[in-house]
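Visitor: This is what each chain is made of:
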Amino acid sequence: MSNVTLFDVANGLATLLLTGLGSILPQPLHGWLINPNLIFALAATLFGAILLGASMINTIMLIWFERKMLGRFMDRRGAMHVGYAGLLQNFADGLKLFRKHTLRPREADSLGFYAGPTAYMVTSVLIFGILPISTGWSSGVLPLSLLLALAIFSFAPLFIFISAWSSNNKYSLLGGMRSAAQMIAYEVPILLAVVAVILVSGSFDLTTIVNLQQNYWFWGPLFLALLVFVVGMLAEMERIPFDLPEAEAELVEGWNTEYGGMLFAFFMLADYVRALVGSILVVLLFLGGWTLPSYVPSALTSFPLAGIFWFMLKTYIVFGVFVWIRASLPRVRTDQLLKVGWMRMIPLSLLSVVLAAMLVLVRCLPVFGCVPGLGG
Amino acid sequence: MWVNMGPQHPMTHGLWNLRVKIDGELIVDVDPEVGYLHRGIEKISEDRHYNEIITLMDRCCYVAGIAWEHVYIGAAENALHITAPERAQWLRVMCDELQRLASHIMWYAAFVQDLGLMSPFLYGMRDRDLILDLFQSFTGGRLTYEYNRVGGVRNDVPSGFTDRCRKVMDWLMDRFVEYDRLCLGSEIFRRRCDGLGVLKAKECVDLGVTGPMLRSAGVARDLRKDRPYAVYDRVEFDVAKADAADVTARYLVRMEEMRQSVRIVRQTLDWLDHHPGPVLADHLPRWLGAPYAPMGNEGYLLKRNFPRGTGFAAVEEPHGEAQAYVVNTGGEHPYRTKFRSPVFVNLSAAKHYMIGYRVADIPPIMGSVDICVGEVDR
Numbered sequence: 139m140s141n142v143t144l145f146d147v148a149n150g151l152a153t154l155l156l157t158g159l160g161s162i163l164p165q166p167l168h169g170w171l172i173n174p175n176l177i178f179a180l181a182a183t184l185f186g187a188i189l190l191g192a193s194m195i196n197t198i199m200l201i202w203f204e205r206k207m208l209g210r211f212m213d214r215r216g217a218m219h220v221g222y223a224g225l226l227q228n229f230a231d232g233l234k235l236f237r238k239h240t241l242r243p244r245e246a247d248s249l250g251f252y253a254g255p256t257a258y259m260v261t262s263v264l265i266f267g268i269l270p271i272s273t274g275w276s277s278g279v280l281p282l283s284l285l286l287a288l289a290i291f292s293f294a295p296l297f298i299f300i301s302a303w304s305s306n307n308k309y310s311l312l313g314g315m316r317s318a319a320q321m322i323a324y325e326v327p328i329l330l331a332v333v334a335v336i337l338v339s340g341s342f343d344l345t346t347i348v349n350l351q352q353n354y355w356f357w358g359p360l361f362l363a364l365l366v367f368v369v370g371m372l373a374e375m376e377r378i379p380f381d382l383p384e385a386e387a388e389l390v391e392g393w394n395t396e397y398g399g400m401l402f403a404f405f406m407l408a409d410y411v412r413a414l415v416g417s418i419l420v421v422l423l424f425l426g427g428w429t430l431p432s433y434v435p436s437a438l439t440s441f442p443l444a445g446i447f448w449f450m451l452k453t454y455i456v457f458g459v460f461v462w463i464r465a466s467l468p469r470v471r472t473d474q475l476l477k478v479g480w481m482r483m484i485p486l487s488l489l490s491v492v493l494a495a496m497l498v499l500v501r502c503l504p505v506f507g508c509v510p511g512l513g514g
Numbered sequence: 003m004w005v006n007m008g009p010q011h012p013m014t015h016g017l018w019n020l021r022v023k024i025d026g027e028l029i030v031d032v033d034p035e036v037g038y039l040h041r042g043i044e045k046i047s048e049d050r051h052y053n054e055i056i057t058l059m060d061r062c063c064y065v066a067g068i069a070w071e072h073v074y075i076g077a078a079e080n081a082l083h084i085t086a087p088e089r090a091q092w093l094r095v096m097c098d099e100l101q102r103l104a105s106h107i108m109w110y111a112a113f114v115q116d117l118g119l120m121s122p123f124l125y126g127m128r129d130r131d132l133i134l135d136l137f138q139s140f141t142g143g144r145l146t147y148e149y150n151r152v153g154g155v156r157n158d159v160p161s162g163f164t165d166r167c168r169k170v171m172d173w174l175m176d177r178f179v180e181y182d183r184l185c186l187g188s189e190i191f192r193r194r195c196d197g198l199g200v201l202k203a204k205e206c207v208d209l210g211v212t213g214p215m216l217r218s219a220g221v222a223r224d225l226r227k228d229r230p231y232a233v234y235d236r237v238e239f240d241v242a243k244a245d246a247a248d249v250t251a252r253y254l255v256r257m258e259e260m261r262q263s264v265r266i267v268r269q270t271l272d273w274l275d276h277h278p279g280p281v282l283a284d285h286l287p288r289w290l291g292a293p294y295a296p297m298g299n300e301g302y303l304l305k306r307n308f309p310r311g312t313g314f315a316a317v318e319e320p321h322g323e324a325q326a327y328v329v330n331t332g333g334e335h336p337y338r339t340k341f342r343s344p345v346f347v348n349l350s351a352a353k354h355y356m357i358g359y360r361v362a363d364i365p366p367i368m369g370s371v372d373i374c375v376g377e378v379d380r
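Chains as they are written, first to last, in the working numbering: chain A, 139 to 514; chain B, 3 to 380.
It is worth saying that the hints were derived from the structure and are not from the lab.
Possibly wrong hints are sitting among the right ones.
[What the hints assert, rightly or not] Result set (DSSO-like, lysine-lysine): computed pairs, CA atoms no more than 27 Å apart in a straight line:
1. A:Lys477 x A:Lys234
2. B:Lys23 x A:Lys477
3. A:Lys308 x B:Lys23
4. B:Lys353 x A:Lys308
With the hints as extra help, turn the sequences into a complete structure.
Guide: Right under this line is the structure:
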């Protein structure tokens, strides 16, 4: 099971499809269809489609999860009526948004107005192609996958600002400015926190980082880095207490005030995609990804798709913590947020890098044991 | 840059417009615009019977209907020289305080929601519902009660009401601890609210600001103590007061007022348990159209023989000091009515407590004023 990758599945499907189709067609077409290049192209497309489908379904389930959990926090039930326990409610909401007419304000800049949300959505979903979900579920070995994922992740403020500016609305502009300032301020501590992980693991490859953590999850020894990373991710995801770019009390809906229908759905979905990516990154970098420590009975790790199961469980628990924070904290103010970002988070993240460097030197700590992969 | 925060804007909690001039995130100037919800209540009152105006009073403020009924009823009874029986007075005090609880809880829910706290909003709505249930059990209404009558109240409370009410009061006292823990226990809340929207005592007095805003500036002015109406001189309570004059102080004042309201409600319940009696005055003139008034000849007074006069009443409504003036020139309708809304005055002072803060501070400051546009525009 573990040596069959998702790409193999896609490749097999593509081969089956094309050979099946080719065998019933006359010769010139037959030769053209059964062609390694075409099979590879179809396999890559299928791979992308499967990834897209899986990420979208996961994102929509994430919204359901958040609604139910928020409901429990607020002494109510959340979505209940469409499907069992409201499972299909978000699909219904999505369909409704699909059917809606998309309005563009007359004064809005057409190119930016449509390109902004599209690019935001595309770049958010793109990260899923890079993140390994379990041993079989990855697009292959990318030596710099962590760096690439974070690079794509940090495109967002640009597109948010483009769509905010081109909406030609005062609230949108204010929200866009806040959003850009906030995301850039919290980009730095996040990267520095990641540097701590890179120092200890000695790799930019997410799969390697996870494999190193088999018996040595990084959250304990690198606790400060985890803290900085989680707070920074909260700001990047624009969730309460850092959701001031779309603070509905003063800015209506912030930078997406003018968007309705499908374009709004794009923003909404992309926000949750980014929340999912943030939770996944926390799991990959600090919580051991799809691995469980070796003292766990093997029955728990050997059933089919066990890796994906444990990975998703961890991801949803991390996201649950984010929901918990959302249910219990008020929103901070822009200047307070930036002050915390530049004057508290960056020194803390630098400190976490120093601690990680010291850990590499010492190699072994009393409680946590020795860092694997360093030969210590 | 001038930004319109309203008339359709999530901050406004009603239908009004706050024009804000901003420099980046800094507020340079503000200009509150009201009048979108004007229904001409004072004018309509001129061709309505005295008891029909009560219906309008419920619509005056949609979260404090019964308190506004009390404002009007006080003035109308003075103008018509009618006194309500003692039990009706106690019932009115109980209604006022229940309404104050409902209104303040509604304020709490809306205020924390402006700050981005989502859960307490629903906790507030849940607890307010219990009070609305209580109201429903004896007035039949949850928002517009039409309970007061000239000369008393429409009906007595049903049997078993006082015990149910006591249970709700106990539940609320426990919930207030939770409310405080969620807000005052949160570092972010303190950072957002401390030192925000300061309006000092002298400015408050100069501008005519009343209610919790005035008391949060350290002035212990409360009509229930200073100019007791109904039976407020016979219940024990303390006037809530804070000194900081900022948003946190207003929060503290309102929370303390809720605790004092519970105290007053408990006292009224004890009194109501032991003093049965009529709730509507005898010998009401038939043209007042009181449904349960004795309709025999003994209660009949000719219109032209009925005493004339003017009546004034001032009531400490949940938002501040509400006043009413009714002119009775003989006849079924008042000649003129005039109402003073506390929120209108508190809102007009916006320039004095908003300039110099940030755009993100607008919702908490405006939330701490506790705006009810229905009574601003009337």
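Visitor: Take the hints in turn and mark each one as holding or not.
Guide: Hint by hint, here is what the structure shows:
no.: 1; hint: A:Lys477 x A:Lys234; result: 41 Å, violated
no.: 2; hint: B:Lys23 x A:Lys477; result: 24 Å, holds
no.: 3; hint: A:Lys308 x B:Lys23; result: 12 Å, holds
no.: 4; hint: B:Lys353 x A:Lys308; result: 22 Å, holds
In terms of the numbered hints stated before, the structure departs from hint 1 and from no other.
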